[in-house]
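Read off the chains here:
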Amino acid sequence: NAGVTQTPKFRVLKTGQSMTLLCAQDMNHEYMYWYRQDPGMGLRLIHYSVGEGTTAKGEVPDGYNVSRLKKQNFLLGLESAAPSQTSVYFCAGPDSNQPQHFGDGTRLSIL
Amino acid sequence: AQSVTQPDIHITVSEGASLELRCNYSYGATPYLFWYVQSPGQGLQLLLKYFSGDTLVQGIKGFEAEFKRSQSSFNLRKPSVHWSDAAEYFCAVGAGAAGNKLTFGGGTRVLVKP
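Going line by line, the protein sequences match chains A and B.
Its first residue numbered 1, the first sequence is counted upward by one per residue in the numbering used here.
Its first residue numbered 1, the second sequence is counted upward by one per residue in the numbering used here.
There are no misleading hints in this set.
Sample of chain B residues with no beta-carbon within 12 Å of chain A, all distances over it, derived:
1) A17
2) G28
3) D54
4) E64
5) Q71
6) S72
7) S80
8) V81
9) A86
10) V112
11) P114
Interface residues of chain A toward chain B, partial, derived using beta-carbon atoms under 8 Å:
12) G40
13) M41
14) L43
15) L45
16) G58
17) N97
18) Q98
19) P99
20) Q100
21) D104
Calculated from the structure, these hints are not laboratory results.
Just so it is clear, CB atoms sit at the ideal spot from N, CA and C, and this is done for glycine as well.
Generate the whole structure from the sequences, applying the supplied hints.
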């Protein structure tokens, strides 16, 4: 998916470990979003950003932190991973055609 | 608060048959409505969107959707399903055309029988 790149694509963590997911966009948009996807629940918004240096909570923000130090990057952090955070994480940003253009996702497993 | 309900978790359809996926939304203002498709292991791809105007909208891959304000629905249809249409489909509602967060339904997984 041109425009939104997520790294890493896969990761396995142990409970209590920390990690950061990176989302990079080349669409020069102000808005960026982090969602998590779980079976039967669709995508739920974790945090979002309306511009460099700004972040806001979404529907399920607990256990996560985010930073938007540069306009093109939106980082999602897990300070102390829990099994309940096993999920597929998607980053998104708008493009000329839609409000949410999605990256390919990061599949995260927490043991 | 806005919400989206997709009543059917799974649908099985024969190849060549028609398909209809249901979506009901709750939103306090004029909704912006979307359908996305997700193939296994992939991200989400926009199928179609409704902002205003004609309530029957055409999308990619031969899909269409009809907005019915009186029923708070935005159902997705395809006249003749192909095996490649097997995927998960998500309906979503948002506050604006661009740069606005979306609320998604739980998804409907479509299985296509040969």
